[in-house]
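Visitor: Here is how the chains run, residue by residue.
Protein chains: 2
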Amino acid sequence: MKEKLQGKVVCVALNDSQQLDNLTSIFEQAPYKAPPTEPVLYFKPHNTWNQDNRAIQWPGKQNALVVGASLAVIIGKTCCRVTQEEALDYVEGFALLHDFSLPETSYYRPDIKGKCLDNSLTLSAPVQVSDLNNYKDLELVTAVNGSAKRYFPLSRLSRGTEQLLEKISHIMTLDKGDIIAIGFAGERVELQPYDKITSTLGNALRLENIVSGGEQ
Amino acid sequence: MKEKLQGKVVCVALNDSQQLDNLTSIFEQAPYKAPPTEPVLYFKPHNTWNQDNRAIQWPGKQNALVVGASLAVIIGKTCCRVTQEEALDYVEGFALLHDFSLPETSYYRPDIKGKCLDNSLTLSAPVQVSDLNNYKDLELVTAVNGSAKRYFPLSRLSRGTEQLLEKISHIMTLDKGDIIAIGFAGERVELQPYDKITSTLGNALRLENIVSGGEQ
Chain A
1 MKEKLQGKVV CVALNDSQQL DNLTSIFEQA PYKAPPTEPV LYFKPHNTWN QDNRAIQWPG
61 KQNALVVGAS LAVIIGKTCC RVTQEEALDY VEGFALLHDF SLPETSYYRP DIKGKCLDNS
121 LTLSAPVQVS DLNNYKDLEL VTAVNGSAKR YFPLSRLSRG TEQLLEKISH IMTLDKGDII
181 AIGFAGERVE LQPYDKITST LGNALRLENI VSGGEQ
Chain B
1 MKEKLQGKVV CVALNDSQQL DNLTSIFEQA PYKAPPTEPV LYFKPHNTWN QDNRAIQWPG
61 KQNALVVGAS LAVIIGKTCC RVTQEEALDY VEGFALLHDF SLPETSYYRP DIKGKCLDNS
121 LTLSAPVQVS DLNNYKDLEL VTAVNGSAKR YFPLSRLSRG TEQLLEKISH IMTLDKGDII
181 AIGFAGERVE LQPYDKITST LGNALRLENI VSGGEQ
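Protein chains in written order, with the UniProt record's numbering: chain A, 1 to 216; chain B, 1 to 216.
No lab work stands behind these hints: they were computed from the structure. You may find that some hints are simply not true.
Identical chains share a label here; the pair holds if one copy fits it or two copies do between them.
To be verified - Okay, derived cross-link-like pairs now, PhoX-like style, lysine-lysine, Cα gap no bigger than 20 Å in a straight line:
no., residue 1, residue 2
1, Lys-113, Lys-167
2, Lys-61, Lys-167
3, Lys-33, Lys-149
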């Protein structure tokens with residue numbers, strides 16, 4: 001990805017229906033007083049862009065790192081205010097995405113600091129949309145050093161690709177090469193220096209990264 | 001800017017010391033219980049990038065639009081974990097920046113929807129750093145249809161360029177062409193369709209845009 005710094009990466013938070021159910025009581029308190037009714041989004045800027053099979057540096061100063069895996073939608077052409085019905089016409093392919101970040105300490109402030117670590121966003125080789133029509137029947141599995149740590153059946157996504165593209169393309173125009181991470185398991189996976197993280201979605205997609213050790 | 005979609009635009013919120021004083025009682029309540037101790041940042045992604053003398057479309061659906069003006073720092077070379085003392089070595093120039101957005105309704109959720117309107121970020125022609133050493137002695141004035149609506153003495157900036165570059169470059173690496181909007185007057189300026197917005201900083205910098213009318 002480094003060689004073509006053109007697009008934007010938009011990640012969808014809070015799109016795991018099980019996580020939303022667990023957070024109901026928190027959302028009902030002040031200041032929210034209700035669960036979110038629109039997608040909650042965050043960006044991964046260009047300094048975060050990294051690749052499959054590459055390392056992310058252990059953040060020595062904060063001494064903590066977590067990872068989430070998401071199915072990623074790759075936009076194929078300019079996409080502005082589309083409907084759910086036409087949304088997939090704007091998709092070039094699917095990939096897997098790792099979002100490395102500092103553990104989140106609050107739902108209240110935009111977590112720019114935790115989400116914008118250098119090299120903290122990786123993307124697998126993509127597949128065609130037609131190769132992954134059935135993604136909602138599949139389970140996204142994330143393993144650390146060969147041991148499965150998180151199972152995320154994509155049937156648990158509160159909103160799917162079509163709904164998200166309608167919502168997001170009404171907020172901002174998406175361009176060819178932009179990437180949408182459509183949703184992460186509510187609980188991120190805690191990491192240690194030198195961990196190897198492997199995520200797979202059926203036989204279609206695979207992404208692997210390592211945490212390099214030492215101080216930043 | 002459209003022809004070189006390379007950089008990222010990082011905006012610093014809540015950097016007006018007068019605004020921070022006014023918000024003290026709000027920040028002391030739950031969930032914050034204290035004013036922010038670190039810069040509060042947000043991004044303007046590429047779909048927002050627009051130019052001096054160009055129009056921003058009136059958001060017909062929401063039927064409201066506000067603008068803030070900020071001094072913008074243009075990064076001249078890769079800037080990673082620099083100190084305040086060396087920060088200005090990484091700056092190529094200064095410009096004026098307009099951030100058009102929907103009025104903010106909450107301090108609690110990242111306001112991606114309101115901040116990411118297409119074409120909602122404009123930048124003036126730049127000047128050299130040495131041409132604007134005295135910016136803290138100047139007042140940023142924003143006028144609508146020729147009538148001054150906001151006076152923002154830059155002495156009111158809670159953190160200056162050097163402090164912000166130290167803080168932000170420890171959060172994420174900044175690259176040549178990246179832009180930091182270092183701070184807006186706490187209160188944004190409300191707009192109507194067909195308004196002409198002109199911001200000036202002394203004799204050094206000037207930026208003008210119009211709001212085009214009609215529905216989106």
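Visitor: Taking the hints in turn, state whether each one holds.
Guide: Each hint, compared with the structure:
no., hint, verdict
1, Lys-113 / Lys-167, "between (26 Å within a copy, 10 Å between copies)"
2, Lys-61 / Lys-167, "between (37 Å within a copy, 14 Å between copies)"
3, Lys-33 / Lys-149, "neither (33 Å within a copy, 35 Å between copies)"
The structure fails to meet hint 3 from the earlier list, while all remaining hints are met.
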